[in-house]
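Start from the sequences and build out the full structure, keeping to the hints where you can.
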Amino acid sequence: GAVVSQHPSWVICKSGTSVKIECRSLDFQATTMFWYRQFPKQSLMLMATSNEGSKATYEQGVEKDKFLINHASLTLSTLTVTSAHPEDSSFYICSAEKNSPKNIQYFGAGTRLSVL
Amino acid sequence: AQKITQTQPGMFVQEKEAVTLDCTYDTSDQSYGLFWYKQPSSGEMIFLIYQGSYDEQNATEGRYSLNFQKARKSANLVISASQLGDSAMYFCAMREAAMEYGNKLVFGAGTILRVKS
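Protein chains in written order, with the working numbering: chain A, 1230 to 1345; chain B, 2 to 118.
Don't take every hint at face value.
[Claimed, not checked] Chain A regions said to be covered by chain B (calculated; three or more residues, Cβ under 8 angstroms):
no.	stretch
1	1252–1265
2	1306–1320
3	1327–1333
4	1337–1343
[Claimed, not checked] Residues from chain A that keep clear of chain B, each with C-beta distances beyond 12 angstroms, as calculated:
no.	residue
5	Ala-1231
6	Trp-1239
7	Lys-1243
8	Ser-1244
9	Gly-1245
10	Thr-1246
11	Ser-1247
12	Val-1248
13	Lys-1249
14	Thr-1286
15	Asn-1299
It is worth saying that the hints were derived from the structure and are not from the lab.
Note that beta-carbon positions come from the ideal geometry of N, C-alpha and C, so glycine has one too.
Here it is as structure tokens:
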């Protein structure tokens, strides 16, 4: 199997605070993990590619100082939304790439962030 | 231009019947991969099926099969014997130029499937 755990599943925070979301691959090692954002009734939008031991690669238009990504081990990547504001409220979902044999991305269950 | 096109915003199917969800793609790469994911209302993304561009046979996984027509650049998902639990959003996705790791996916807009009892 290929299980990816994402925590928390739901978080409410006050404007100006920071929120950390964890993404763990439970039964395989992932050199690369991905972070997506999804607005209601829309497709997934890639925010950044997280590589173990190196800096993340951010997509155009995504503020790297706003969305801090750390991939400190082959099984854990974290996304920190710094100084969150109501416009950051969204569904964030991560995936981990299982290299063998087909480089399939397996997804976490997602995190619903509400910023008050 | 859209890389992945899903032309059906929504589909209905009667329980126990088969349904086809359309997906066309655009790429100039010779080596690419095509994926289908299911997203229930809970939000998780569930991997369903994969087709490599060099695979000669259509991929199958249980009740899911992928109708891969390379010349037409289509990769339709066929769900046989629909069940109520199949009601969800379905996304088609493509990966171009496979590297050892770090392969991005491009997703289509999705198709909402509703299974009627």
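Now for the hints, and whether the structure bears them out:
Taking a C-beta to C-beta cut-off of 8 angstroms, the stretch 1252–1265 of chain A contributes 3 residues in contact with chain B, enough for the three needed, and the coverage statement holds. Counting residues of the stretch 1306–1320 of chain A whose C-beta sits closer than 8 angstroms to any C-beta of chain B gives 1, which falls short of three, so the coverage hint is violated. Look at the stretch 1327–1333 of chain A against chain B: 4 of its residues bring a Cβ nearer than 8 angstroms to a Cβ of that chain, three or more, so the hint holds. Against chain B, the stretch 1337–1343 of chain A contributes 4 residues with a C-beta closer than 8 angstroms to a partner C-beta. That satisfies the three-residue criterion, and the hint holds.
Distance to chain B contradicts Ala-1231/A as a non-interface residue, since its nearest Cβ pair spans about 8 angstroms, not more than 12 angstroms. Not every CB of chain B is more than 12 angstroms from the CB of Trp-1239/A (nearest about 10 angstroms), against its label as outside the interface. The Cβ of Lys-1243/A lies farther than 12 angstroms from every Cβ of chain B, with a closest approach of about 23 angstroms, so its non-interface assignment holds. Chain B leaves Ser-1244/A outside its interface by the beta-carbon criterion, the shortest separation being 24 angstroms against a cut-off of 12 angstroms.
Every CB of chain B lies more than 12 angstroms from the CB of Gly-1245/A, the least distance being 26 angstroms, so the non-interface label holds. With a closest Cβ-Cβ approach of about 23 angstroms to chain B, Thr-1246/A is found to remain outside the 12 angstroms limit, as its non-interface label requires. Chain B leaves Ser-1247/A outside its interface by the beta-carbon criterion, the shortest separation being 22 angstroms against a cut-off of 12 angstroms. Residue placement check: Val-1248/A keeps its beta carbon more than 12 angstroms from all beta carbons of chain B (closest about 17 angstroms).
Listed as a non-interface residue, Lys-1249/A keeps its Cβ farther than 12 angstroms from every Cβ of chain B; the least gap is roughly 19 angstroms. A beta-carbon of chain B comes within 12 angstroms of the beta-carbon of Thr-1286/A; the shortest separation is about 8 angstroms. Here Asn-1299/A stays apart from chain B, with its beta-carbon at least about 17 angstroms from theirs, past the 12 angstroms limit.
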